[in-house]
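Be aware that the first sequence starts at 11, since it is given in our numbering, and climbs by one per residue.
Don't read these hints as lab results, they were simulated from the structure. Source: prediction; values computed, not measured. Think of the CB as a built atom: it goes at the ideal place given N, C-alpha and C, for glycine as much as any other residue. Do not take every clue at face value.
Claimed, not checked - Here are the simulated lysine-lysine pairs, PhoX-like style, with alpha carbons at most 20 angstroms apart: (1) 197 <-> 43; (2) 220 <-> 177; (3) 664 <-> 727; (4) 177 <-> 197; (5) 177 <-> 486; (6) 669 <-> 594.
Stated by the list, open to error - Computed spacing ranges between beta-carbons, pair by pair: (7) 484 <-> 265: 31 to 37 angstroms; (8) 146 <-> 123: 29 to 35 angstroms; (9) 392 <-> 494: 45 to 51 angstroms; (10) 598 <-> 258: 54 to 60 angstroms; (11) 204 <-> 51: 19 to 25 angstroms.
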Amino acid sequence: MELPTAYNAKETEDNIYKLWEQSGYFNPDECIKKGVCQKNAKAFSIVLPPPNVTGTLHMGHASMLAIEDTLVRYHRMKGEKTLWIPGTDHAGIATQAKVESDLYKKTKETRYDVGREKLLALVQQFAKESHDTIVHQVKKMGASLDWSREAYTLDEPRNKAVRTAFKTMYDQGLIYRGDRIVNWDPKMQTTVSDDEIEWKEETAPFYYLKYGPFIIGTARPETKFGDKFVVMHPKDKRYAQYSHGQTLQVDWLNGKITATVIKDTAVDMEFGTGVMTITPWHDRVDFEIAARHNLEKEQIIDLKRKLLPIAGTLAGTHISKARPLIVQRLQEKGLLASTDATYIHRVATNSRGGGVIEPQIMRQWFVAVTKEFSFPHAGLKGIRKGEKTTLKKLMLHAVKTKQIEILPKRFEKVYYHWINDLRDWCVSRQIWFGHQIPVYYCTQEISNSQFPISKQIQNPNDQNINMFVAAEKPTKCPICGSCTPQQDQDTLDTWFSSGLWTFSTLGWPFDSATKHGLAQGKPGQQNDFANYHPTSVLETGYDILFFWVARMILLSTYLTGQIPFKTVYLHGLVRDNQGRKMSKSLGNIINPLDMIDKYGADATRLSLIIGAGPGNDLKLSEDRVRGYRNFTNKLWNIGRFVAMNAGDLDLEKKPALSKEDKKILADFLNIRKSATKHLEAFRLSQAAEELYHYAWHAFADKVLEDSKTVLQNAQKKAGRQFVLKEVMRGLLTCLHPFTPFVTEAIYREMPFQNKKDLLLVETWK
RNA sequence: GGGCGGUUAGCUCAGCUGAUUAGAGCGACUGUUUUACACACAGUAGGCCAUAGGUUUGAAUCCUAUACCGCCCACCA
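Given the sequences, and given the hints that come with them, work out the whole structure.
As structure tokens, this is what we get:
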């Protein structure tokens, strides 16, 4: 057959992907059915970190897909029962923020203008389109995912898992409702978790104010109305004359107030004057000081950042307008001692497209990470059923006992450190797109109450609400027996549903009678959890170690009694060739689809694998991709040479091999052995590099060149032809996980004996 | 403030448990259109492996310190 002299990735790849999909081999059940995998073979499973349905894939996703697909293909070719589950993440705040911003740009309407139902319809529409784009891109990369098991963090089976998880944790007291200080985003009108905060540096005037005999400093004079407590370090000699609990009359913003002296070690004696007043409602550190001394807390700023009646004449004024007025008043009253205009401080913002965070004390739902409970499962190594533990301890336990290994190892330390400082996790959000909290209120008892629950902040001590938690929507109220209970309007943090990902995609929760998985909802796949959990590898970027990896460990160990995965492989960030983050504003984004279009998916994949170690950032340039495109072409021509020169070999009898022939075979076997070793140790880069080097500079440059003369010799010809075909077959097999398209395309043209229908399921010995 | 990582050819990086003439890719230069491939081939140039000490028969590799670059966490009113 006449083959073109240059490999054309663009014309080949989509057809090859179709062949793979049609073969069914991405689904391990099909592999078993068709006999390319044993039913009792060792399992290898990965859940794809679900991309957010907020737009399109970037190079980071491409790198993730390349790494995972390489591992998956390798293990599939090793004959393991291999499952890679695809899915997408609804990404609550991020997605809703994107749709809200698009809506506002288009029609100048806010979410409150269009209402919950219409906004959700818009979000779902956007999510659907985004999903389709993502799936298309994922396929373009050649990812061998089992699409028959595709999941979505917000679909019905996952919703069932979320409701069950919430209910289980609530029943054991690990989810509770509490009035605590949270990060409130006034722009998105929702709480956000500690991890979702991004600190931005800002220069703002810093004011020194006279507070009775003291000088206090602040960058936020608008919070100072209610300051009745003045705090200093108990060992500060400068203020030894003042004693804890002592009161003094102070002339303040709205006239005379009674101030109380508090001594607390949280005060830094070196900073400023060593004295500060506190605003417990709007500052975490102040909140903790107030909690320690049981001090009164007062709200100053409302949820829209407007001042409350405590501000007197300024009540109802937005703080951005109020601030200069307050400074002016301070000046008039002679309370302003001095101003430092060059003060640099850091402002907390919502990294998911929101605004400046205003801490607030609010009634929200929390996961208790330090509360003791008795462990409900048997089978988790090192913890007995009924043993007292905490969620924090579970998270530490799984890694400390080496049941979970984090690569690179140095991230284990980072992980421990993060857990040690972990506070209870606020899981309720006031956005509309997400899993609605499975909490219900009896409408008989709370007829005057307002929903959503966050609005009840005006009356935080109200304990009269009759509520209950249910995994299934109740038809009749179990409290009054007659009303239709109303569901809480809040939604859950998106990471709560992604934290269940390894098992919510494998059939959890189970029907207690049949032990069959319910979430999967497909007959024949009910044993997915038994077969594939814990998953083998969790591969993701190191930037979401805390957001996601830690939470999966928490939720999986607690809810299933199993670790979610055995190995965590953390890849680095893909940066531009100068080491800068890729961003729209810098205009340095390299789009994976562009690279695939120009150079092929194989070249794009190699450029993301070679030179990338776990945890290390990768600098990518178009030159690199072009270089690997050249390699795919080289490989194609190696294939052509072998097909042209060894095609007429008699397949029936094995010819005699010369010493050189044997050496060539042995050399290749060494390379394969080494590649195997590297892959088992997750050194993908090393494996790919050695194979690359062998194919080009050993097999092509030496063996093929030498063969040109050997093949002229009638005695030696058959032996050499045999060797060329053997090595070619092995080389295609070993390279297939890295460059699946071109190797599959060559394989189709090769005159091999007992060829499999696809290289995809050729055996890696 | 605490922690972590990096510093090897012009650029991007390998170099795993110490002994290599210190490597690869891209780029540069010279030559070659040879019937697998010019997206190629043959060759050339280019490195006191950040700095200073130490351990060792032997260090790019292990230890200590310093400098610079980067990242993460905490956060000071």
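Quick rundown of the hints versus the structure:
1. The hinted pair formed by residue 197 and residue 43 fails the criterion: a straight-line CA distance of about 54 angstroms is larger than 20 angstroms.
2. At most 20 angstroms may separate the alpha-carbon atoms for a hinted pair to count; residue 220 and residue 177 exceed this at roughly 52 angstroms.
3. A threshold of 20 angstroms between alpha carbons decides the hint, and for residue 664 with residue 727 the separation of about 12 angstroms falls inside it, so the pair holds.
4. For the hint linking residue 177 to residue 197, the alpha-carbon distance of about 31 angstroms lies beyond 20 angstroms, and the restraint is violated.
5. The hinted pair formed by residue 177 and residue 486 meets the criterion: a straight-line CA distance of about 18 angstroms does not exceed 20 angstroms.
6. A threshold of 20 angstroms between alpha carbons decides the hint, and for residue 669 with residue 594 the separation of about 59 angstroms lies outside it, so the pair is violated.
7. At roughly 53 angstroms, the beta-carbon separation of residue 484 and residue 265 lies outside the given 31 to 37 angstroms, and the hint is violated.
8. Between residue 146 and residue 123 the beta carbons are some 33 angstroms apart, a value that agrees with the proposed interval 29 to 35 angstroms.
9. For residue 392 paired with residue 494, a C-beta distance near 46 angstroms keeps the hint of 45 to 51 angstroms intact.
10. Checked against the hint of 54 to 60 angstroms, the pair residue 598 and residue 258 passes, with Cβ atoms roughly 59 angstroms apart.
11. The given range of 19 to 25 angstroms is broken by residue 204 and residue 51, whose C-beta atoms sit roughly 43 angstroms from each other.
In this structure, the hints that do not hold are numbers 1, 2, 4, 6, 7, 11, in rising order.
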